[in-house]
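Given these sequences and hints, build the entire structure.
Chains A and B are the protein sequences, given in the same order.
Sequential numbering of the first sequence, starting at 1, is according to the numbering used here.
Sequential numbering of the second sequence, starting at 439, is according to the numbering used here.
What the hints contain is simulated information worked out from the structure, not anything from laboratory work.
Don't take each hint at face value.
Derived CB-CB ranges, DEER-like [claimed, not checked]:
#1 ARG314/A - ALA682/B: 54 to 62 Å
#2 ARG314/A - ASP461/B: 54 to 62 Å
#3 GLY381/A - SER587/B: 37 to 45 Å
#4 VAL495/B - GLU385/A: 17 to 25 Å
Partial selection, computed: residues in chain B whose CB lies under 10 Å from chain A [what the hints assert, rightly or not]:
#5 ALA514
#6 ALA542
#7 ARG547
#8 ALA581
Backbone N, C-alpha and C fix where the C-beta goes; we use that ideal spot for every residue, glycine too.
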Amino acid sequence: MAELTLMKNAAEQQLAAEWQAAKTRLPGPAPLRAAAFENFAKSGLPHRRIEEWKYTDLRALMREAKPLAALPDAATFAALKDADAGLGDLDARRIVIADGYLEPGWTNLNESDPGITIVELLAWLGDADLFRLNDIPEAARKDIAVSLNTAFMTGGVAIHVRKDACIERPLHLAHVFSGKTAAAVYPRSVVIVEPGARLMLIESHEGPVGIDYQVNTALQIFAGEGAHVDHIKVTREGDKALHISSLMADVGAHARFNTFGYTTGGGVVRNQLFLRFGGEGTVANIRGATLLKGRQHADTTLVVDHAAPGCQSREVFKSVLDDESRGIFQGKIIVQPGAQKTDAKMASHALMLSDEAEADNKPELEIFADDVQCGHGATAGDLDEDLLFYLRARGIPAAQAEALLIQAFVGEAIEGIEHAGLREALMEAVAAWLEARG
Amino acid sequence: MPLLEIKNLHVEIDGKKILNGLDLVVNKGEVHAIMGPNGSGKSTLAYVLAGKADYEVTQGEVLFEGEDVLAMDPDARAAKGVFLAFQYPIEIPGVATMTFLRTALNAQRKKRGEAELTTPEFMKRVREAAGKLSISLEMLRRAVNVGFSGGEKKRNEILQMALLEPRLAVLDETDSGLDIDALKIVAEGVNRLRSPERATIVITHYQRLLDYIVPDIVHVLSKGRIVKTGGKELALELEASGYAQFQEAPVAAE
Chain A
1 MAELTLMKNA AEQQLAAEWQ AAKTRLPGPA PLRAAAFENF AKSGLPHRRI EEWKYTDLRA
61 LMREAKPLAA LPDAATFAAL KDADAGLGDL DARRIVIADG YLEPGWTNLN ESDPGITIVE
121 LLAWLGDADL FRLNDIPEAA RKDIAVSLNT AFMTGGVAIH VRKDACIERP LHLAHVFSGK
181 TAAAVYPRSV VIVEPGARLM LIESHEGPVG IDYQVNTALQ IFAGEGAHVD HIKVTREGDK
241 ALHISSLMAD VGAHARFNTF GYTTGGGVVR NQLFLRFGGE GTVANIRGAT LLKGRQHADT
301 TLVVDHAAPG CQSREVFKSV LDDESRGIFQ GKIIVQPGAQ KTDAKMASHA LMLSDEAEAD
361 NKPELEIFAD DVQCGHGATA GDLDEDLLFY LRARGIPAAQ AEALLIQAFV GEAIEGIEHA
421 GLREALMEAV AAWLEARG
Chain B
439 MPLLEIKNLH VEIDGKKILN GLDLVVNKGE VHAIMGPNGS GKSTLAYVLA GKADYEVTQG
499 EVLFEGEDVL AMDPDARAAK GVFLAFQYPI EIPGVATMTF LRTALNAQRK KRGEAELTTP
559 EFMKRVREAA GKLSISLEML RRAVNVGFSG GEKKRNEILQ MALLEPRLAV LDETDSGLDI
619 DALKIVAEGV NRLRSPERAT IVITHYQRLL DYIVPDIVHV LSKGRIVKTG GKELALELEA
679 SGYAQFQEAP VAAE
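The following block contains the structure:
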């Protein structure tokens with residue numbers, strides 16, 4: 001066990017022990033898992049001297065690794081199936097992933113839906129499909145959090161949308177931590193949207209307050225040529241939770257790809273997005289809104305790889321930081337050689353509601369083509385006194401005036417969402433967050 | 439009791455004295471014009487009445503229907519019926535004008551213990567008031583003042599005034615940047631609100647606006663005090679002779 005000698009802190013040792021105990025019983029692709037664990041074992045948990053993890057020192061933040069969560073019982077799945085999604089009146093098809101597991105035996109194959117099949121990920125993976133798990137952007141392959149997910153993934157769904165199928169009803173993957181004691185969950189899902197098809201996918205993540213459970217979730221999306229994919233992630237974990245998520249998307253030519261991340265929950269949250277545009281003429285909107293209070297820490301780290309010419313991407317991220325919270329945005333846009341006529345604009349804005357809050361912004365452009373339009377802007381500031389005065393001079397009390405301006409600030413990111421029902425649901429969620437703030 | 443009573447008001451900003459013992463009494467039903475050269479303290483007076491934070495009152499008092507206005511928050515003053523039409527109306531990205539108007543109106547009503555307006559009631563009032571000011575509903579769906587022309591911003595101020603129906607309206611250089619047609623529309627909006635129960639203070643550099651909003655009383659403000667008070671003919675005199683004579687006037691206690 002040579003790799004164990006490199007393991008320094010308790011969490012790293014626990015992960016190694018967990019691996020030894022679980023590696024033979026975890027289903028699915030053993031060699032892939034082993035290679036992924038090896039990648040982790042070589043370097044350990046990422047820490048502040050790893051540039052991509054500079055502001056989220058996982059070695060320091062993750063004092064221990066919780067044991068792998070067990071499969072919940074049937075009653076737990078039954079209860080979660082009908083739970084309120086907390087997304088307003090939004091009508092979506094809800095699929096529960098509890099503690100990292102899809103309900104055993106669940107599939108939509110019996111519905112003989114011509115457009116879409118949904119099956120359990122690890123059950124679906126035959127030899128012919130295994131390559132999908134490893135078909136991820138280079139930056140993601142190196143990433144330790146992604147490696148740990150690959151090593152320990154317990155399940156999730158494989159979704160397949162057939163060519164030119166338009167799935168009208170949004171699909172909602174509801175990830176819930178149902179445990180009474182802390183545990184670690186590793187859900188993984190793969191979504192294949194064939195050319196010309198359309199899908200709106202919502203993933204939500206929630207769990208109880210007061211339990212320091214750990215989530216390492218990963219989602220792969222393959223959007224074919226001319227496909228239209230809307231992806232929304234709602235992160236509302238419990239206050240003590242550690243949540244790491246990795247979105248890996250491979251987007252084909254002339255596709256439309258929109259992703260929106262809404263984060264209000266979790267003690268420590270790391271949202272990683274690895275996006276690759278491999279064909280010409282793709283239009284992508286990549287947005288997010290994060291609202292934090294107390295001592296919450298949320299990090300959005302984005303790598304957008306323009307690997308083909310003539311793609312357009314817009315990145316807009318907003319964070320509202322109260323109390324002693326810390327919001328981090330790292331955005332990297334890569335324009336590969338030959339990706340001429342790339343049009344990429346990135347903006348990240350932080351609104352500081354407290355003197356003790358901290359915002360870290362790190363935009364990066366790596367451009368290897370000469371005929372491109374790329375830009376980025378980052379700001380951090382508090383509420384504008386003149387705006388507040390104008391509202392108050394019209395009779396709007398201070399707290400309400402602040403709320404109005406905060407909603408407007410966040411709304412700029414949310415209004416880009418095409419689905420009206422979801423847009424309204426998120427604005428309501430923002431209003432509720434403001435109400436709770438008092 | 440006067441509607442507004444300002445006694446010996448001294449105001450500083452960043453340690454610089456702007457108002458130096460200003461006295462003013464405004465009764466219900468009156469329209470006062472306050473004229474004066476640039477830097478005489480006109481806008482400071484407007485901001486102090488509305489409650490802007492940067493201004494420090496070092497002496498004197500301001501009573502609105504006998505109550506100490508200076509102790510009130512800006513929103514409390516607004517609910518009491520004090521309204522300032524801003525010289526430079528502020529753009530508020532992301533807040534639709536309609537939302538803003540409704541939030542303001544209902545916040546004031548709530549503060550006064552009145553029921554909030556229902557959507558149809560509110561819409562009826564907005565349509566009526568906007569129509570009179572040639573403001574389109576499309577404009578009201580846009581963010582507050584964002585992308586508005588100078589004239590549209592000023593008309594939007596008057597629209598807010600028309601909906602909020604203040605007891606005391608203070609118009610700070612509302613005529614600046616307006617062409618003659620817009621000026622007439624704005625003046626008509628102000629005149630519609632004239633009543634024995636309300637009062638208006640028109641702050642202006644030029645006499646032009648006073649052709650359309652005819653004042654009962656005209657004051658000349660210079661170096662932070664009112665140095666002359668007269669009837670509407672005083673405005674015409676000033677137009678002919680300029681402010682130079684007042685700027686030379688000695689200021690006591692400086």
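Hint numbers contradicted by this structure
3
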